[in-house]
Amino acid sequence: MKPVNAVITKIVDETPTTRTFFFDTSFESIPGQFVMVWVRGVDEIPMALSYENAITVQKVGPATTALFELEECDSFGIRGPFGNGFELRSEHILLVAGGVGAAPLAPFAEKASLSDIAVTTLLGAKTKGELLFSERFEAAGKLLVATDDGTEGKHGYVTQLLAGIKNYSQIYCCGPEIMMKRVLDMVVPANAQFSLHRYIKCGLGVCGACCIDGLRVCKDGPVFSGDILKMSDFGVYRRDECGRQVKL
Amino acid sequence: MLSLTLAGLELRNPIMLAAGIMGTTGESLKRIAESGAGAVVTKSVGIEPKAGHSNPSMIEVDCGYLNAMGLPNPSYKNFQDEIDEAKKGGVPVIASIFGGCSLDFSEIAGALQADAFELNVSCPHAHGYGAEIGTDPDIVEDVTRAVKSSTKVPVWVKLTPNVTDIKSIGLAAQRGGADAVVAINTIRGMAIDIESGYPILGNKFGGLSGRAIKPVAIKCVYDLYDVLDIPVIGVGGISDWKDAIEFIMAGARAVEIGSAVGNNINIFSEISSCMEAFLEEKEWTLDEIYGMAHEV
Ligand SMILES: Cc1cc2nc3c(=O)[nH]c(=O)nc-3n(C[C@H](O)[C@H](O)[C@H](O)COP(=O)(O)OP(=O)(O)OC[C@H]3O[C@@H](n4cnc5c(N)ncnc54)[C@H](O)[C@@H]3O)c2cc1C
Ligand SMILES: Cc1cc2nc3c(=O)[nH]c(=O)nc-3n(C[C@H](O)[C@H](O)[C@H](O)COP(=O)(O)O)c2cc1C
Numbered sequence: 500m501k502p503v504n505a506v507i508t509k510i511v512d513e514t515p516t517t518r519t520f521f522f523d524t525s526f527e528s529i530p531g532q533f534v535m536v537w538v539r540g541v542d543e544i545p546m547a548l549s550y551e552n553a554i555t556v557q558k559v560g561p562a563t564t565a566l567f568e569l570e571e572c573d574s575f576g577i578r579g580p581f582g583n584g585f586e587l588r589s590e591h592i593l594l595v596a597g598g599v600g601a602a603p604l605a606p607f608a609e610k611a612s613l614s615d616i617a618v619t620t621l622l623g624a625k626t627k628g629e630l631l632f633s634e635r636f637e638a639a640g641k642l643l644v645a646t647d648d649g650t651e652g653k654h655g656y657v658t659q660l661l662a663g664i665k666n667y668s669q670i671y672c673c674g675p676e677i678m679m680k681r682v683l684d685m686v687v688p689a690n691a692q693f694s695l696h697r698y699i700k701c702g703l704g705v706c707g708a709c710c711i712d713g714l715r716v717c718k719d720g721p722v723f724s725g726d727i728l729k730m731s732d733f734g735v736y737r738r739d740e741c742g743r744q745v746k747l
Numbered sequence: 553m554l555s556l557t558l559a560g561l562e563l564r565n566p567i568m569l570a571a572g573i574m575g576t577t578g579e580s581l582k583r584i585a586e587s588g589a590g591a592v593v594t595k596s597v598g599i600e601p602k603a604g605h606s607n608p609s610m611i612e613v614d615c616g617y618l619n620a621m622g623l624p625n626p627s628y629k630n631f632q633d634e635i636d637e638a639k640k641g642g643v644p645v646i647a648s649i650f651g652g653c654s655l656d657f658s659e660i661a662g663a664l665q666a667d668a669f670e671l672n673v674s675c676p677h678a679h680g681y682g683a684e685i686g687t688d689p690d691i692v693e694d695v696t697r698a699v700k701s702s703t704k705v706p707v708w709v710k711l712t713p714n715v716t717d718i719k720s721i722g723l724a725a726q727r728g729g730a731d732a733v734v735a736i737n738t739i740r741g742m743a744i745d746i747e748s749g750y751p752i753l754g755n756k757f758g759g760l761s762g763r764a765i766k767p768v769a770i771k772c773v774y775d776l777y778d779v780l781d782i783p784v785i786g787v788g789g790i791s792d793w794k795d796a797i798e799f800i801m802a803g804a805r806a807v808e809i810g811s812a813v814g815n816n817i818n819i820f821s822e823i824s825s826c827m828e829a830f831l832e833e834k835e836w837t838l839d840e841i842y843g844m845a846h847e848v
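Chains as they are written, first to last, in our numbering: chain A, 500 to 747; chain B, 553 to 848.
Please note that the accuracy of each hint is not assured.
[What the hints assert, rightly or not] Computed footprint of chain A on chain B; a stretch qualifies when at least three of its residues, placed anywhere within it, have a C-beta under 8 angstroms from a C-beta of chain A:
no., segment
1, 566–579
2, 597–606
3, 610–620
4, 623–636
5, 744–755
6, 810–820
Simulated from the structure, these hints should not be mistaken for laboratory data.
Keep in mind that this is a model prediction, so the values were computed, not measured.
Ideal placement from N, C-alpha and C gives every residue a C-beta, glycine not left out.
Make a model of the complete structure from these sequences and hints.
Here it is, written out as structure tokens:
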């Protein structure tokens, strides 16, 4: 599939570093799947769908900065959705979101709550203003918050909230890999699903750039069960654009 | 019944992984080996680490794919561990290598331990590498000879179809001492976004692979079989066992699969078992169908 033209219909400032871009095309997808967003003349990068017709972008480098320069009625290309997405199972679920990792988890929380599943979310960010989608998680169930600087909720890492929570049967996690690794080490691996970040080139399961232990993040993932990750490079090293191992 | 000796390598079947597909990490190569491939070819590695072209680096088009990865690779200096890991899959591991001149190629081949080398003189979109070398018979002969003198393992030369006469390049590889040729690499191609006028690939143009190129590849293999004494390895657009049989009938001693792995990671074992069933039903052997199209 060639990129579909997506015209921006609305831009919402979510946090000082994060913006949601709504566009004129909707994608039927499973939360956790991703699209490749082509900023013409710059780069094409993976993004979760935070709504069926939107992406929520944190400004970190050249491509995301170029996205932030776009205005309503501008457009970018979209290919996808790609990958597997979160598998909804069990009646009481726990979401653990760090930073922009809330982007794929917010639509997942909404989907779960529509199916009468009890949703508890642990949401973490550096500071109060960077907490993403608190209202959406609150509307979908129960929300507990942690900030690194203590400006809201628990002062510390979101993983510190995890210790006190027992009543759930499946965990869904997306955030910085170091945080996800901490979560993995605290829970029953088979009861947890993690959405991984690796450098994605083709997005089609062909080139192999995003492989972790032989598994393709773009095709076999990006969501993997904890028992698969337990034995892998997860939380230990990633690979750069050249394919070199880089310690996390 | 599918096992064979290919230019000195013992293969359990003639269905191999093509270069550049899940070939950057040892674990992904091992996964393909364990899924039934007869051998695996690594991503092409060069002298220095390379990030490749910017994205989009691969898109789907009608009947195939366009890619301009730009030879991203960690450099051969960071690659022996990956090859060693891949070897745990239990099948031959062929290192694909590229360079800007024969010295580059022999430096890499002299340093890496692999079961064979595949010389990528055919990438259509890497400036100064690949097809800029592989379209000149004298350079191909020179590069092949240089690698042959720096390694004892078999050397295969991968050819580009983006030439007027692929036979002359195949013959040059043979003169240089190649143990086999591999045909074909991707065919130059391009796609443009009509909403904006932008070429879609980050590199603007790239190489076409997948279904669309199979008839081109079959003809290249057919022609090379006619003029060469060394075996031809067929690649280009194989997506099922019938395609593989077709290549072998055209004169391929073995085949490689690239793009089709994306949607079907079990393609190697599927093709092997279907090929076996077909040969059994026809009461043919692999040897009998090899080059069959030239004899009927
Ligand atoms: C499945 C998936 C879903 C994602 N969803 C979101 C999301 O919803 N919102 C969001 O803000 N970010 C998301 N990201 C991360 C986002 O893709 C990167 O932040 C973005 O690519 C950075 O590009 P840049 O040019 O701005 O920054 P750069 O300075 O180029 O890179 C910053 C970081 O992003 C990584 N990166 C750059 N290009 C790629 C690429 N092609 N593939 C993967 N990583 C890359 C780099 O390795 C680096 O760690 C997701 C990543 C993945 C793999
Ligand atoms: C994403 C991608 C990366 C490739 N990388 C290489 C490479 O590094 N070296 C090489 O010799 N060929 C490379 N090729 C070419 C393939 O090995 C193969 O020759 C070509 O794709 C045709 O086969 P197919 O139609 O089965 O894909 C690449 C092809 C694709 C699609």
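Hints, one by one, checked against the model:
1. Taking a C-beta to C-beta cut-off of 8 angstroms, the segment 566–579 of chain B contributes 7 residues in contact with chain A, enough for the three needed, and the coverage statement holds.
2. Counting residues of the segment 597–606 of chain B whose beta carbon lies closer than 8 angstroms to any beta carbon of chain A gives 5, which reaches the threshold of three, so the coverage claim holds.
3. Closer than 8 angstroms: that is the beta-carbon criterion, and the segment 610–620 of chain B has 6 residues meeting it against chain A, so the requirement of 3 holds.
4. For the segment 623–636 of chain B, the assignment as covered by chain A holds, since 5 residues bring a beta-carbon within under 8 angstroms of that chain's beta-carbons and 3 suffice.
5. Evaluation of the coverage hint for the segment 744–755 of chain B: fulfilled, as 6 residues show C-beta separations to chain A shorter than 8 angstroms, against a requirement of three.
6. Coverage of the segment 810–820 of chain B by chain A holds. Counting CB-CB distances below 8 angstroms, 6 residues qualify, and the rule asks for three or more.
The structure agrees with every numbered hint stated previously.
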